[in-house]
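Undergrad: Sequence:
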Amino acid sequence: MLPARRKVDAVVVLAFPVGEEEQRRLELMGVTVIAAGGQHAPYPNVSIDDETAGRQAMDHLLFLGHRRIAMIAAVDPDQPDEVQPSGRSHAYYAALHDAGIDVDERLVVTVDWGGGQGADAMAKLLSQPEPPTAVYAHSDEVALGAIRTLRRAGLRIPADLSVIGIDDHPVAELTDLTTVRQPVREQGELAGQMLLSILRGEKTERDVVVPTQLVIRGSTAPPRA
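Taking my numbering, the leading residue of the sequence shown gets 492, the next gets one more, and so forth.
Simulated from the structure, these hints should not be mistaken for lab results. One thing to keep in mind: the hints can contain errors.
[Said to hold, decoys possible] Pair by pair, the computed Cβ-Cβ distance ranges are:
1. Arg715 with Arg597: 19 to 29 Å
2. Leu665 with Tyr584: 26 to 36 Å
3. Arg697 with Leu519: 17 to 27 Å
4. Ala590 with Ser688: 35 to 45 Å
5. Asp589 with Leu505: 16 to 26 Å
6. Ser688 with Glu621: 27 to 37 Å
7. Leu519 with Ala644: 24 to 34 Å
8. Arg697 with Leu646: 22 to 32 Å
9. Ala716 with Leu687: 48 to 58 Å
10. Pro661 with Lys694: 16 to 26 Å
11. Ser577 with Ser618: 38 to 48 Å
12. Glu621 with His581: 23 to 33 Å
13. Leu665 with Glu596: 47 to 57 Å
What you are looking at is a predicted structure, and each value in this text was computed from that prediction instead of being measured. Virtual Cβ for every residue (Gly too), placed ideally from N, Cα, C.
Work out the full structure: start from the sequences and follow the hints.
TA: Listed below in structure tokens is the structure:
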């Protein structure tokens with residue numbers, strides 16, 4: 492590994508939490524570490540607020556009039572439970588609570604991160620006696636997997652069921668997916684600026700949170716009367 496050979500002065504950790512063993516190895520290397528895209532690193536970091544992003548997605552569905560909303564929660568199978576991001580799940584429960592809606596745990600499915608897993612989760616949700624009218628997915632990839640299942644079942648989106656994701660993956664625009672955008676390029680630029688400031692010995696913010704934005708497209712609409 493290059494840092495171990497002292498050929499770099501810094502490491503930027505992108506888009507995944509750093510476990511305790513990885514933290515120890517990085518500390519032994521004696522290099523500056525910056526995290527971008529993950530809030531669970533004990534280093535200076537740039538990220539979004541996952542709970543805020545989740546609330547933007549859920550509040551949009553509630554504003555449209557949905558009351559039976561499912562959540563497809565995604566977890567990274569390569570990361571231990573204690574470092575899994577939970578803000579997007581917290582947003583689901585908080586939004587329902589604030590709207591005075593009882594949680595139906597049958598509408599919550601947790602899967603590994605990925606489109607295929609999202610498709611399987613949607614199939615499970617459709618097997619319920621009373622399926623949801625809307626689905627909030629933790630990521631666009633998971634949301635697109637759910638949409639594949641819905642289309643194969645002959646259901647119309649959003650006429651029969653609304654779907655929303657998070658991230659604004661490049662494919663989201665091509666597929667007309669409503670989502671919550673996180674500014675990936677801006678996070679990278681801020682992480683680079685923070686890194687250079689630290690290497691120059693300048694003072695810099697340790698935790699920078701960039702805002703997210705609801706992007707309304709064609710996969711969400713009010714529920715059928």
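Undergrad: Run every hint past the structure and note whether it holds.
TA: Verification of the supplied hints:
1. Arg715 with Arg597: 19 to 29 Å: holds (21 Å)
2. Leu665 with Tyr584: 26 to 36 Å: holds (31 Å)
3. Arg697 with Leu519: 17 to 27 Å: holds (22 Å)
4. Ala590 with Ser688: 35 to 45 Å: Roughly 42 Å apart at Cβ, these two residues keep to the hinted range, so it holds.
5. Asp589 with Leu505: 16 to 26 Å: The hint (16 to 26 Å, Cβ to Cβ) is violated, given that aspartate 589 and leucine 505 are roughly 33 Å apart.
6. Ser688 with Glu621: 27 to 37 Å: violated (54 Å)
7. Leu519 with Ala644: 24 to 34 Å: violated (52 Å)
8. Arg697 with Leu646: 22 to 32 Å: Given a distance of about 46 Å, which is not inside 22 to 32 Å, the answer is violated.
9. Ala716 with Leu687: 48 to 58 Å: Because 56 Å falls inside the window, the suggested range holds.
10. Pro661 with Lys694: 16 to 26 Å: violated (36 Å)
11. Ser577 with Ser618: 38 to 48 Å: violated (26 Å)
12. Glu621 with His581: 23 to 33 Å: Holds, at about 25 Å.
13. Leu665 with Glu596: 47 to 57 Å: violated (34 Å)
Comparing the model with each numbered hint stated earlier shows that hints 5, 6, 7, 8, 10, 11 and 13 do not hold.
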